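Using the sequences plus the hints, can you model the full thing?
Read in order, the letters of the sequence shown are residues 169 to 394 in this note's numbering.
Derived by calculation from the structure, the hints in this document are not laboratory data.
Because the structure is a prediction, the values reported are computed rather than measured.
There are no misleading hints in this set.
The following label-pair restraints were derived from C-beta to C-beta distances:
#, residue 1, residue 2, range
1, 271, 248, 28 to 38 Å
2, 276, 317, 11 to 21 Å
3, 276, 237, 31 to 41 Å
Using N, Cα and C, we set each Cβ at its ideal position, and we do this for glycine too.
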Amino acid sequence: MSNARTRRTRTGGGNRPVSSRTRIVWGSLVASMTVVGGLLLALDRRESPIGDGFALPPLAAMAGAGGIESVFNTPEPMTAGRWQAIVIHDSGTASGSPDTLDEQARSMGLRGLGYHFVIGNGSGLRDGQIHVGARWLKQSAGAHAAGAKADWYNRNAIGICIVGNGERRPFTEAQTARLMQLVDALMRECKIPADRVYLHSQIADTPSPGRFFPEAGFRGQLGSGR
169 MSNARTRRTR TGGGNRPVSS RTRIVWGSLV ASMTVVGGLL LALDRRESPI GDGFALPPLA
229 AMAGAGGIES VFNTPEPMTA GRWQAIVIHD SGTASGSPDT LDEQARSMGL RGLGYHFVIG
289 NGSGLRDGQI HVGARWLKQS AGAHAAGAKA DWYNRNAIGI CIVGNGERRP FTEAQTARLM
349 QLVDALMREC KIPADRVYLH SQIADTPSPG RFFPEAGFRG QLGSGR
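As structure tokens, this is what we get:
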């Protein structure tokens, strides 16, 4: 089963060419947020508990080893080859938090939040805040993918949910920058190649994360932070 809704497949997507201007805009956005993040205090996960996971405050995670790398300090040790892909979803809702997504998952018969990470949009979870879920901390399988090969993706792919409905409106700049930073770190640490980073729409009959997801700019920046 999957946390994500399945809907009519989006058409006209694909990997469009990335212009130099798009690369510059994405690079500048991430770089500028990194500078701001470096001025903030390092994460103390004891101060930001959410359910069975923990939260990386907005911008603070942009401070390199003192921030985003904290997600790799898992109680259950990470093992080589454990994760082989990444799948990106939207929540399909205007607002959302780990608690509401957890309730939604349980109402569908799942054992709690199916995603490994959730990135907030300021409505339910702070804009750009990363919630690190219990499934990631325990290095356990997710419950986020639909489609013919859902079982494989749930067992072997890291599920990331961006709060919002990508079919109705764009995601925030903070969300897209934090997603890029998180995915880049996961690719580096887990040795996941760029062609194993999927949108949910690529593996299931759903448009998630939606037509407003900036796929061209996102893919143009994959691996740039390594």
